[in-house]
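Participant: The lines below spell out each chain.
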Amino acid sequence: MKVTTDSAEAVEPERYEFNEFPAYHFEIDRRDFAKLLGAGILILLVARNASAQESRNRRGGDRPAAINAWLHLGESGGVTVFTGKTEVGQNIRTLLAQAVAEELPIPFESIRLVMADTDLTPYDAGTFGSRSTPDMAPQLRRAAAATRETLLDLAAAHFDCPRSELSLTATGVVRTASGATATFADLTNGSQLTLEIPEDLALKSAPDWKISGTSVPKVDGRFFVTGRHLFTSDLTLPNLLHGKILRGPALKATLTDADTQAAESLPGVTVIRDGDFLGVTAPSVHLAERAIAAIEATWSRQTQPSNSELFALLRKDAPPRPAGPEPGEDETRHDRTYTIAYIATAPLEPRAAVAEWVEGKLTVWTGTQRPFGVRRELAETFHLPEDRVRVIVPDTGSGYGGKHTGEAAVEAARLAKNAGRPVKIVWTRSEEFTWAYFRPAGVIDITSTVRKDGRITGWAFDNFNSGRSGLRSPYDVTGQREDFHPSPAAPLRQGSYRALASAANTFARERHVDDLARSVSMDPLAFRLKNLTEQRMRAVLEAAAEAFAWGRQLADGRGAGLACGTEKGSFVATCAEVAVDRATGSVKILRTVTAFECGAVVNPEHLKNQIEGCLVMGLGGALFEEILFKDGVIGTDSFATYRVPKFRDTPPMEIILLDRKDLPSAGAGETPIIAIAPAIGNAILAATGRALDTLPMALQELQS
Amino acid sequence: MPGVTHLHVNGRTVSVDADGDRPLLSVLRDDLALTGCKYGCGQSQCGACTVLVDGSPVRSCTRKTGTVGDAEILTIEGLEREGELHPVQAAFLACDALQCGYCTPGMILGAVALLEKNPAPSDAEIINGMNGHICRCGTYQRIVAAIHEAARMLREDRA
Chain A
20 MKVTTDSAEA
30 VEPERYEFNE
40 FPAYHFEIDR
50 RDFAKLLGAG
60 ILILLVARNA
70 SAQESRNRRG
80 GDRPAAINAW
90 LHLGESGGVT
100 VFTGKTEVGQ
110 NIRTLLAQAV
120 AEELPIPFES
130 IRLVMADTDL
140 TPYDAGTFGS
150 RSTPDMAPQL
160 RRAAAATRET
170 LLDLAAAHFD
180 CPRSELSLTA
190 TGVVRTASGA
200 TATFADLTNG
210 SQLTLEIPED
220 LALKSAPDWK
230 ISGTSVPKVD
240 GRFFVTGRHL
250 FTSDLTLPNL
260 LHGKILRGPA
270 LKATLTDADT
280 QAAESLPGVT
290 VIRDGDFLGV
300 TAPSVHLAER
310 AIAAIEATWS
320 RQTQPSNSEL
330 FALLRKDAPP
340 RPAGPEPGED
350 ETRHDRTYTI
360 AYIATAPLEP
370 RAAVAEWVEG
380 KLTVWTGTQR
390 PFGVRRELAE
400 TFHLPEDRVR
410 VIVPDTGSGY
420 GGKHTGEAAV
430 EAARLAKNAG
440 RPVKIVWTRS
450 EEFTWAYFRP
460 AGVIDITSTV
470 RKDGRITGWA
480 FDNFNSGRSG
490 LRSPYDVTGQ
500 REDFHPSPAA
510 PLRQGSYRAL
520 ASAANTFARE
530 RHVDDLARSV
540 SMDPLAFRLK
550 NLTEQRMRAV
560 LEAAAEAFAW
570 GRQLADGRGA
580 GLACGTEKGS
590 FVATCAEVAV
600 DRATGSVKIL
610 RTVTAFECGA
620 VVNPEHLKNQ
630 IEGCLVMGLG
640 GALFEEILFK
650 DGVIGTDSFA
660 TYRVPKFRDT
670 PPMEIILLDR
680 KDLPSAGAGE
690 TPIIAIAPAI
700 GNAILAATGR
710 ALDTLPMALQ
720 ELQS
Chain B
70 MPGVTHLHVN
80 GRTVSVDADG
90 DRPLLSVLRD
100 DLALTGCKYG
110 CGQSQCGACT
120 VLVDGSPVRS
130 CTRKTGTVGD
140 AEILTIEGLE
150 REGELHPVQA
160 AFLACDALQC
170 GYCTPGMILG
180 AVALLEKNPA
190 PSDAEIINGM
200 NGHICRCGTY
210 QRIVAAIHEA
220 ARMLREDRA
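So the protein lines, in turn, are chains A and B. Numbering-wise (our numbering), the first sequence opens with residue 20 and increments by one. Numbering-wise (our numbering), the second sequence opens with residue 70 and increments by one.
In short, the hints are calculated from the structure, not lab data. Here the structure is a predicted model, which means the values were calculated and not measured. Just to be clear, a hint being listed does not mean it is correct.
Away from chain B, derived, C-beta distances all over 12 Å, residues of chain A [claimed, not checked]: (1) R247; (2) G588; (3) P664.
Reference excerpt, derived from the structure (chain B facing chain A, CB under 8 Å, subset only) [as the list claims (entries may be wrong)]: (4) Q112; (5) Q114; (6) V122; (7) D123; (8) S125; (9) F161; (10) L167; (11) Y171; (12) R211; (13) A214.
No residue lacks a Cβ here, since even glycine has one placed at the ideal position from N, Cα and C.
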């Protein structure tokens, strides 16, 4: 199947973002919910039908179907917000609390967010695609603003005066002239006022923000630095059992026989076999481990490809492609191929779940970015209606796109069903590396033509397997063509990863653009600016280059490179300086400067933190991260064999935020990852004249 | 290895009934509910399980409980003093040196031990001393800044 960029938006969402809608979902009974909350003001934000319908038709390409949020102001002045978003370290809990505090003058500490609990929070497609800031934050601000307006209306009636004479305080409303006050309880008077408001209520604009736009600290940071925060893997329940799953010797192996007698003779151990699923429960983790080790199993394996065949496989089923651009007068043609290895998100908290069945209802605590998706997974697995399944997501030890699925949740639930007691499963690091999913590997072919004066005149870009995110070139080229070709023969399980394929596509494009600039003897910055009209992209490029002192003379063996890109409505440019040791082929990144623009900045410090995190993660994929596999066995299944960036790998990172208060805030946890790899590659090219066109880059080729 | 009947943890002697071969991490988390130390890899590769044993950082995921003996174990739960954050904890918050927070307890205890040995470390000394700790969120630059800040606070405390 071939999808072209122009029509794809309507046809196919990013194929590697797990984001299908559930076949059905049940609304929470609003009456039950209202009872739970008690007196005060309850605001329900309702998506307009039209936009919900539109989202549904697009099969969730970007936005959740029915964006809504609930906010409750209690009579004592506490605000409780209900949202299906999950906290995975991106600090969305803080940012959403800022949105509420922006509209309601109550103390920050009085705002409580109930997040990602499918019994309590409205449906949400998931926390991915950089949608929380642009979608959920304005929704909560609207809910908070509606609460404020309602309070003023109630107070106007209470005092029998115009609203203009009233102002809101942390505990109620004060009549400015007389100093007379009415508490929240005076205004709602023991009843619960429920209001449905539309999602397009007007809001105050960014230049008038008081709390958004400032660096509010992480709301519950103290819990994390004291070890008190309970991640899924830290949870316990009365009578909890620990579970372990017997894994096959290779991917796709099937269980043919298992002798479980020795395992079952261990104290308190139960073995559950259900087809290829074989798990144990035990009163402790070490007993569960011993039980698994005691099982004698035979497996049937099928021959599977190895990473040496990977790139040929990815191209294998591609349809014939149109001819690339032909060079005209004063033009040269450039053909290059770029390859992208499989890599892993490797979140430091591996997959974990605690499952409990009570009177036929299943409750699972698990770290996932898609609580409602995992609820559906569980409902389908156990043939239950979704209202018999509850998924609760404790703030999670990161995801980076890698935790959209419910593997551990399903396993724990299966074992708990058998045991009649709650069961906890925590994956080992090796399980996480082997049985989770990977960022898709890819092959990218670029054919381009460039004119002697530095104008790109032709552009054909074919991506095999890695994905269509960031596929389209931002440079102005008449007749440019970009195609994505899925690879049915892709050998490993693949899925979401921070910024999806735009890291791969931006790497190929920005590496290629430097080759073109060199071919016409132009400076890479000047070459880009000559071919770019997008003002937001030009702005980040110019800001990064200026702070970096682009163009200054460097010592021998050093080189500077830059790259830029856009994704999810935000723009990034990164400059990097490297030192290359030709004797050893080692590369040291000496410094980086990154300019980022994502509309109006909501929390500058947390934003910088996200950008730095993206850069660090991106340099891992640039220089050393790679999943190696052979005949169904993942060879890189530990931090000893799969190298992730560490302190010593981290260069000084200077971050420049371009705060565009005139533009809506875009999400920012993904895009800053896309420019670092090509910036490093281009710096290596500048230092050595060698173009490295693979991710990770083959640094051994630099040895002379 | 013989069973372990007691451990000294966070200034208290606690009774346990644990096989001496079990990793210290498992006993701390599963038997003593001290879940601040985390499982990250089980192979001493990431530092998430770091606790201090007689002041030295130890990867509790590979340290056999039976080898601890009468040594003093300090976990993140024992670092606060009368409700006051230790300067390293305060500095991590001040420098926003965390994102998801999963590596944070191990990272903080590693930093406490580092500053104990070297009260005024250079960037390079921090980077080399902490290199065994993985922060997958990539907050390394902030952690280095936080350790400098904590060093400054500790020096002020002493002055």
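Participant: Tell me the numbers of any earlier hints that the structure contravenes, in ascending order.
Facilitator: Checked against the structure, the hints that fail are numbers 1, 3, 6, 7, 8 and 13, while the rest are satisfied.
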